[in-house]
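Trainee: Please take these sequences and the hints and turn them into a complete structure.
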Amino acid sequence: MNEHKGPLLLSAKDIVVRFNLRGQELTAIRGASLNVYQGETVAIVGESGSGKSVFTKTFIGMLDQNGRVEAGQLLFHGEDMVRYDSEAQWLKVRGKKIAMVFQDPMTSLNPVRVVGEQIAEVIMWHFQKSHEEARQETIDLLRRVGIDEPERRYRQYPGEFSGGMRQRVVIAAAIACRPEILICDEPTTALDVTVQAQVLNLIKELQREMGMSVVFITHDLGVVANVADWVAVMYAGKIIEYGEAEEVFHQAQHPYTQALLRSLPQLGVKGQDLYAIQGTPPSLFKEIQGDAFAPRNPDAMKIDFLEEPPAFPVSPTHWAKTWLLSPEAEEYRLGLKRRDEQRKAAQSPAPPFDYAQAEPLLSVRNLSVHFKLGSSRVKAVDGVSFDIYRGETLSLVGESGSGKTTIGRAIMSIYSGNVEGEISFKGQKINQKLSKKDRGRLHMEMQMIFQDPMASLNDRAKVDYIISEGLYNYRLFENEQDRIAKVEKMLEEVGLTSDFMTRFPHEFSGGQRQRIGIARSLIMNPDFVVADEPISALDVSIRAQVINLLNRMKKERELTYLFIAHDLSAVRFISDRIAVIYRGRLVELAACEELFARPLHPYTKALLSAAPYPDPALEKNKTILTYHPSREEDNKNRQWIEAYPFHFVYATEQEIEAYRDESK
Amino acid sequence: MENTLNRIDKIHDSALFTAADFDRAESERIGVSNYSYWRSTFRTFFKSKLVIVLVGLMAAILLMSFLYPVISKVDPTKVSTRSRNWNLRPSWDHLFGTDTLGRDIFARAWYGCRNSFLLAFCIALSDVGIGMIAGAIWGYNRKLDPIMIELYNVMTNIPSTVYLVLLAYIMNTSYLTLFISMASRGWIVEARFFRNRILSIRDAEYNIASRCLGTPMLRIATRNIIPQIISLIIMEAALCIPYSIGSEVFLGFVGVGMPVDAITLGNMVNQGRASFTLHPYQMLLPTAVLCLITVAFYIIGNRFADASDPRNHL
Amino acid sequence: MGKYILQRLARSVVTLIIVFTAVFMLLRFMPLNGYFPQEMIKETDEATRMTYLRNLGLLDHPFVQLWRFVQNLFQGDLGRSITVYPKVPIITLMAEKIPTTAFLGFWSMLVGIVAGISMGMMMVRYKNRLGDALGNGYILFVRAVPSLIYLFFLQIWVSRWFSLPLVYDKDIPSSWILPIICLSLSSVAWYALWIRRFMVDEENQDYVKFAYVKGLSRKEVLRRHIFRNAVIPITAYLPSDLLNIVAGSLIIETLYAIPGTGGLLTTAIKRQDNNLVQVLVLMYAALSILGVFLGDLLLALVDPRIKLTEEK
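Protein chains in written order, with the working numbering: chain A, 340 to 1003; chain B, 170 to 483; chain C, 13 to 324.
These aren't lab readings, by the way, just hints derived from the structure by calculation. Every residue gets a Cβ at the ideal spot worked out from N, C-alpha and C, and that includes glycine.
Pairs of lysine to aspartate or glutamate, DMTMM-like flavour, derived with a Cα cap of 20 Å:
1. 242(B) / 262(B)
2. 801(A) / 197(B)
3. 641(A) / 190(B)
4. 944(A) / 906(A)
5. 801(A) / 374(B)
6. 139(C) / 403(A)
7. 641(A) / 178(B)
8. 468(A) / 232(C)
Incomplete in silico selection of chain C near chain A, CB under 10 Å:
9. 221
10. 222
11. 223
12. 224
13. 225
14. 228
15. 229
16. 232
17. 314
Mentor: See the structure below:
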């Protein structure tokens, strides 16, 4: 007991949740337990489908209609909330004692009511206060969560707030009743890194002030390291490891936790394969025998397939459900450890890309793209120039709406008419009318990989057709047999088997679908690939697979990548050079390690400082730099200057001097 | 008890604490399998008993209305000069009775069904067919937007009843003019409907992927777009049928419907209405058939729309 | 906002001009017989007929005719009826008939909105239960069965059961009941259908889930969030509804022999009165364009999202 800061508040014991889906029973939670103590933050980590959201939804009785708690207890203030059967009972808890914040701030607020009323209604409803009192409290709350001019903002609609500001409003509504527990369901996943860091800080401050407990659900280990006192790792509807944050990060015991941490690109060695978790999360429609992770664990033991492991204590504050901790497995465990150390020692980083020898493959000069929005014209990309050299990976990093995807699509000639400037590939200008033959050649030489594996595959077509689409378009096969052989070979290369050919995309998980998408592009044998955030929609356990696949393909097929991303960790691992884009303009471009070692532009600095790092000690003590674009008012004198060799910044001469001084 | 012992044995069996074989295929296995959009759509659709009954009934009525004129020798236009053959109540000889001129209402009902169906099918075909093509062109050409929206506003701003009455008045009534007056208006409503759907499909990532692969327009249409909207096409076509039958009844009432000697459900209802107070069966029986058809198609269309939504494939 | 209104107004004016022109041109194809008063049809030779038409200006270029019509329109002259009410100025005719139609229409609109919205809300409240099934059954019936059929049976049977008058009489209030109910039947179904659909859509939105998480009761969430948001798209149709009360219903006014504007078009067509047909059709078209325009304005007023996108 003494290891916790405060008394036990909520205790969930052996919760089992089942859903009825397509006439089948899905056991989403298979006996999960969690204790929440006052004033502490417990983070539940897991990938999509692990049940982390469902589990916490039971704490406030908000399961979807086809789901129900089948077994277990939820003790809160001496009452078992599993037994609540009327709305009235829940209303005393929900929002008042236990509050929740959702992932997407853009949809969490009613778009046609002013934000203030949406907060005030909570206060009026739970405390029977008058409208005027509630209004005053709401204004204080808004001020507290960092919204300027709260009186004016009170009367504004959600559409007038940015994503980060909306999430602040949502948080204000959630804490309006000073709840004892605040459940945060991926509250920063939809936000940009710089905004994410601010919102995380806000949550931590509020927790300290109000003495709340926070249950933090996330898949991002960097975020966990930032916020959590305690970490619970969830896999296939069960909590498989639990402990103090430091312990879980540094002495993870469960093979799944270990694999998750090891597969993070921050910890990878450049040029080598990342450690990747194999396969796909298990189906919860079937009964799971033994350790649910065993089928994906190459080092699983026989017992893992037969019996479910109990929780073995590692320290008084740390346990894990894995047979590896059983005394019988001592020898096996030491064997694994030795092998691991050998493996680590063998890895050495690849030499950096040699730019002295490089020849440009694609050149972009003064690219501007504008869109019509209503009656006005918006410039999404504004005078961007860069080269991509044959064989390199250039990453384009920026927040949402910065224009990075637009650049990728402009290069792929997806827009017509609204693109200015010049894009040339292998010396030929391509953003103009081309002969059918030239256009066809480009389609074969330039390909694109998409962000959303769910939206980028036609769900009414079979995998066979999806992968063959390009082959059909240019008849890149001799006969039917040849085509099938090509598709099979491609599937093999992306790690899928040929019996997937006759299936529809629905039947695949996100990672598998993304690999199908990669197969579809690479079967054309391109030289150049635009990869538009190919991993950001994927689960952590799947990302490493895809990163490795992209890297392997690059080596084997001598590809050149334009990698578009907002996630700096993966970018550092995968790219040779990084270009930072802010509001449609490139602000900095440098070789990868140079940029991380010596960022010059204040926006780059802010971006780097905000990126979460999966180490609690570092993460909890980091200082976040904020970038104030107001300081950077449009200055006509700014130009693209080479501040150091191969290191470019968009700045004025004076600014360059200042940046250079700062970086010393 | 035995189980527990068994278990205790296992967890102390050091042979089990050794490396197991790793099966790659097993690690890639996922839950959902054998999902096919169309199979699920039809399974969901036919899950309801009502739908099964209605589809069966409509199939029977369709079959009957096209077979009856071929196999039966009863002439639906045969007027009897003897007054004892007039206004006969339903009997075995005349299942639905006879009308004021001694014509067999049962035979007329099937002929009427056939004619009304034919008309409705033509209208459905042209509304949905033209509407879909126009909608696709509209959806893919931003430049058409102002013109088409204005055209849509113009055509739909005039109440449909007024429009139908007006056109029917201007042209002499016949099957063709009835078809023209209904079809000339219906397509734009469908076009707008399909345009909205196609707009959302058009910018989907998989379509952009197809463009990056250089897929020609024709294949994009047949592979990417039509499969996505085919369920909408079926639904809209099904809903066209009650609409066109209803319009025909309405026009008959206004007095600008089909010529009196044409046998359609609309004409039968309107003619029956005149003699309703004396011989209610003359109106009730054809009306019942008509309502059955419109209600059935309405339900089938709506249920099919629900079933074709993947969110309902539970 | 002002810019938005002006743009919207300009669009409506353009539409109005196009519709007016198109319909007017279309009306030039009306049977020529419709221009002759009864007594002239039977025994007039071709030459006299042509002179008659020429005197009326009907042989001029259609655009000339349109221009003349518009000029007259601005002077409040809608022309005269030919066969239905021989020689009576149409404007007088309308002034006489509109009050009856509008009176019945207004009450039926009220009934339609109140009953329709309550019905839609009831269906959401008891979703997938009996109340919902009954509501859906009603909507299905009204939308699938041709209106003439159920209106006819309603008139015959209900008037008998409740011994209500079979036809309308402006001096007998009990004879107003059936027409008002009949007029509202389809709008009840319409409002119920859309209120239900919009509310069900809104119910699946994240902000509704967040409202529940805030601890508001279902009743509260339905009232403050779901219903409010579901009504917004419906407000766009209110002005059209309001304007259409002067148009009346062809079927109902004929069935109940109501001396209003709705039956007028039917009669005009049956009796081939081209002038009357023309004025009525153009009036309906103008009303619906005005209705859509006002509806868009009202929507922009109540839905902050429109204002925001317009400003951006």
